[in-house]
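Asker: Each chain is listed here by its residues.
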Amino acid sequence: MQNFFMDILFPQNECCVCREAGRYNTRHPWCNQCQEKMDNLRTAMPTCDYCGKYLLNGGSRCEECQAEKPPFYIARAVGPYEEPYRIAIKVLKFLGRRQLGYCMGIMMAEVVREEPLFWPINLIVPVPSSKASMKQRGFNQTEVLGQQIGKCLKLPINAEALRRIKETPSQRECTREERERNLWRAFEVKDKSKIRGKSILLVDDVYTTGSTSRECSRTLLDAGAERVGVIVWAIGTGY
Amino acid sequence: MERILRKIWPPTSIWFAAFVLMSIICVLVYYHIWPGLFVILALLFWLLFFYSELRKPAAGIIIFTIVIAMYFQFSLQPIPAELPEKTNVILEGRVAGQPLVNERGTRFVLHTNYNDIRLKQIQVISPTELDIQTGDRLRIKGKLKAPSPPGNPGAFDYPRYLSYQEIYYLLTTKEGDIPEIIATSGFYQQVVNGVKYRVESVVKSVLTKQQAAIMLGMLLGSIESIDAEQYEDFQKVGIVHVFSVSGLHVGFLILLSGWVCSLLGASKRIKLLSGLILLFLYGSLIYWPVAVTRASIMAALGLVAYYYGRPNDILNSLGLAGIIILFIDPYALFQISFQLSFMATWGLIYLFPIIRLVFPWQNRWLDLALLPLAAELAVIPLVIYHFNLLSVISLLSNIIITWLVGGAVILGFLALLTCFLPLIATLFLYPAGLLATIIIKLVAFMVALPGAYFWVATPPVYIVVLYYAGLCILIWQIRLANSNKIVMLSAAAIMSVMLVVVFWPASWQNWGRLEVVFIDVGQGDSALIKTPRGKFILLDGGGSDFSEIPDRTLIPYLRHRGIRHVDMVINSHPDTDHLQGIERVVEKFSVDYVAVPKLLKDSERYNTLYQLTQNKRIQWLFLQGGQQINIEPGVKIKVLYPAIEKQTDDNVNNLSAVIKVDYKQFSLLMPGDIEQDGIKRLIADKDMATIVIFKVPHHGSRYSLVPEFYQLIKPRFAVISVGNNNFGHPSSDVITVLKDQGTIVYRTDLDGAVTFISDGYKLQVKNYKI
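Protein chains in written order, with the numbering used here: chain A, 1 to 239; chain B, 1 to 770.
Hints are computed from structural coordinates only; laboratory data are not their basis. There may be inaccurate statements among the hints.
For lysine-lysine, the following BS3-like pairs were computed, each having C-alpha atoms within a straight-line distance of at most 30 Å [unchecked claim]:
(1) LYS194(A) to LYS166(A)
(2) LYS739(B) to LYS769(B)
(3) LYS601(B) to LYS616(B)
(4) LYS714(B) to LYS664(B)
(5) LYS93(A) to LYS268(B)
(6) LYS762(B) to LYS664(B)
(7) LYS90(A) to LYS535(B)
(8) LYS638(B) to LYS588(B)
(9) LYS441(B) to LYS535(B)
(10) LYS714(B) to LYS535(B)
(11) LYS588(B) to LYS151(A)
(12) LYS151(A) to LYS194(A)
(13) LYS141(B) to LYS86(B)
(14) LYS680(B) to LYS598(B)
(15) LYS190(A) to LYS268(B)
(16) LYS135(A) to LYS268(B)
(17) LYS209(B) to LYS664(B)
(18) LYS166(A) to LYS268(B)
(19) LYS141(B) to LYS131(A)
(20) LYS441(B) to LYS616(B)
(21) LYS154(A) to LYS93(A)
With these hints in hand, go ahead and build the complete structure from the sequences.
Answerer: Right under this line is the structure:
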């Protein structure tokens, strides 16, 4: 409803990814060319069976998953962390275009629906954002995505289940080791009773090294979750 | 088809398009141009059919606009035909807007709750300084009168102006009558009034009178304390918009609130709310003038878009603001401030980026110069149409002065926020006052530059429409990748038609024909003569001891015609109702000759006129009976009276210069204010021939009636130049005598300006009010 009125009040006059002029709205936020690019990228490369990472050399497992099985049992993404996907998530996060969550959420839900390994799912939990970015952006993008996924898959969502207890610096320019050190014990489960024995779908925006997803999954599993699956918007490439 | 349409109008800015459509429909409905409305609707359905992009939202917009048009049609009340004068009327109502109080009295709008459309809103004029506040409920007694329509072409149409506010009656109270305050305003209004009063008193106590007037104008948009001359200077320099508080102020408020919120570490929601509240408070502080309403709506939309992470297209929010304002008050469309505010904003946000495309290189300095150009291109026809002013310097002045104004406004706002801590407020106000002084000095300097501004004639409405059509074609061509040079040039040519029209010399109009215009100057005399070869002679100029009547009648008429140079001004005798206008013309126009009667030339009433002509190259002529001035071949001005040797009378009226103008078979007699004695002396001296046009002496006074004189001259037409007065002018006896002998009588109070155009044999008469 809100999106409907907002579309009328503030019509979107350009594609939010490539800025091509045209008439767009919440249901159709980017142009057909961008959509096509996204679709092509999705199946361009093989992915890791466990973490869903795109593998440049082919195969069915990434190096990391071969070395150590991740705490979650499966992670999947809509597409690789490349041009249209990367811009879309940046527009959502940094320009605050919350309405993009609608389309992106649907696309993510579609991935979950089509992957039988995810099921059954009892609860959706988004990765919490730091207080600083919450204040700056006014919303948590993973929560927006999670809500849309919940709506599509008719699943309950609990955005308060996980809580960030350590303010971490931006992860973007850190190496893998630094990220893991930063994130060590960064999350906490507030109310374990709501988690215990449940099969959880963790929602995140981007999966590059997987540190955040791993740490969150670990925290949830420690709190008694039965198992954790991860759905992200875009995922990195690796070997 | 669709591809062509897409090129002409890319499917963007839907709200702006809807706003334009709505304005057009409003105008068509208002003037009952039903075929036009039909064409527009047909065009819309056609667009809908061919333009698939448009189909969904356009359908909504069409329904929307039709609904609006219907709403507009129903919300428009027909202007009441019958507006009889009523005395001793007692009305009750609430004071709306800010009462204007000055030494001349008080003016305000009273909102009553009567069912009678004519009494819903009343403009009250009281000669006393009243102590009333916005929102007070009053019981007031006075005389109800319809405002008088303009008497001259180009004069300000006061009844129409009021009818746009749905006001049809003026209520004038007697001197000393104080309305009874039934209830004071509500709490919120009282707080607002209190804050406003506080701000005004602080500013006035700290700054000099001149600085304070300018500062309050820029801060609160209250221009009543600004000197009229100074205000005109601001107009001439093209920066009068600084007093119509708008984008700059609102933008600054939002910035300030955002900055303070970030400093306090507030969340996005708090930022949104504080911004909206601040906008609302500031708007109510200055009673929501159109420009501020527009800027506030745009800013509020911007804030909401920011909060919800929506793309904010400024052109769209401009359209939305327009639609909201028109919804609240459809008449706003006809207000000058609405037109100027929206056109200037459109120029800045739409025209500016397109004009930039014309230049192959881009840098910040160029942008700085292009911004005022864009705004100017968008508003030039409106300014010319409404104010007869073409300001060239505005392209320069806006670059420089906007920064100064910005600084002064920021400091002023800080003072406004701290007005309850006078010490801190003073700290901000001193530099603000300094900036105000610099602005005043700069304006004075720029006005004096040669070619800074031009007074131009009023163009017809279709020329204005043509200009905008040309502008639209030009924009379209610039936006096209392969623009057509010929189309662009012809569009520019269409636009420059307006310049040709407004600069077309007034003296070339009606070339080869003599023109005499009796201008409606209220109670007073004024006649403009244009000779067949384009010389202008002004005989008297009207005037009043109580108000600057020539500024509202004579001067606008001359400006309207595009007259910048008057060859000769003649004053028949130095009474205010003849002389004041002459003084104003000598002050404001270039004049070659000033003629006054020789017998009265030492009158001290001419002192002002002598002073005004001192530093100008103006030749003085002293008129006495028997003189003849050959203006140009065929046109003679004869002075019939008074002969110099017969000075026996000390009544100034009887010493009025009596002037006769001859052109082939055409003749005009202007006897000034001459009375019976003078007329008798005049006919004793001279053999009077018949006259074609005769100005009835002394505004039709009974004491100037000499029936034998009228039988002698047997005028074909007689004009009585008269207005509202307590002297019983014009006397019915005079009119009867004239009508009995077959003279056609015109009165400027009933007929408005009366124009006679003659080629020397045939005569054409036009009266402005029919």
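Asker: Against this structure, judge whether each hint is valid.
Answerer: Now the hints, each set against the structure:
1. Restraint check for LYS194(A) and LYS166(A): the C-alpha separation of about 22 Å stays at or below 30 Å, so the hint holds.
2. About 21 Å separates the Cα atoms of LYS739(B) and LYS769(B), which keeps this hinted pair within 30 Å; it holds.
3. With a C-alpha separation of about 19 Å, the suggested pairing of LYS601(B) with LYS616(B) holds against the 30 Å cut-off.
4. Restraint check for LYS714(B) and LYS664(B): satisfied, since their Cα atoms lie roughly 18 Å apart, inside the 30 Å limit.
5. The hinted pair formed by LYS93(A) and LYS268(B) meets the criterion: a straight-line CA distance of about 14 Å does not exceed 30 Å.
6. The hinted pair formed by LYS762(B) and LYS664(B) meets the criterion: a straight-line CA distance of about 10 Å does not exceed 30 Å.
7. For the hint pairing LYS90(A) with LYS535(B), the CA-to-CA distance comes to about 73 Å; that exceeds 30 Å, so the pair is violated.
8. Annotation: proposed proximity of LYS638(B) to LYS588(B) holds, straight-line Cα distance about 27 Å (limit 30 Å).
9. Restraint check for LYS441(B) and LYS535(B): the C-alpha separation of about 37 Å exceeds 30 Å, so the hint is violated.
10. For the given pair, LYS714(B) sits about 28 Å from LYS535(B) by alpha-carbon distance, which is consistent with the 30 Å threshold.
11. A distance of roughly 74 Å separates the Cα atoms of LYS588(B) and LYS151(A); the hinted pair therefore is violated under the 30 Å criterion.
12. Between LYS151(A) and LYS194(A) the alpha-carbon distance is near 20 Å, which keeps this suggested pair within the 30 Å criterion.
13. The straight-line distance between the Cα atoms of LYS141(B) and LYS86(B) is roughly 11 Å, inside the 30 Å bound, and the hint therefore holds.
14. Under the criterion of a C-alpha separation no larger than 30 Å, the hint pairing LYS680(B) with LYS598(B) is consistent with the structure, at around 20 Å.
15. Between LYS190(A) and LYS268(B), the direct Cα distance comes to roughly 26 Å. Compliance with the 30 Å bound is thereby established for this hinted pair.
16. A hinted pair counts as satisfied when its Cα atoms are at most 30 Å apart, and LYS135(A) with LYS268(B) qualifies at roughly 7 Å.
17. Distance hint between LYS209(B) and LYS664(B) is unfulfilled; the C-alpha atoms sit about 58 Å from each other, more than 30 Å.
18. Among the hinted pairs, LYS166(A) with LYS268(B) is consistent with the structure: their alpha-carbon atoms are about 22 Å apart, no more than 30 Å.
19. A threshold of 30 Å between alpha carbons decides the hint, and for LYS141(B) with LYS131(A) the separation of about 65 Å lies outside it, so the pair is violated.
20. For the hint pairing LYS441(B) with LYS616(B), the CA-to-CA distance comes to about 24 Å; that is within 30 Å, so the pair holds.
21. Pair hint LYS154(A) plus LYS93(A) holds up; C-alpha atoms about 25 Å apart against a cutoff of 30 Å.
Of the hints listed earlier, those the structure fails to meet are numbers 7, 9, 11, 17 and 19, in rising order.
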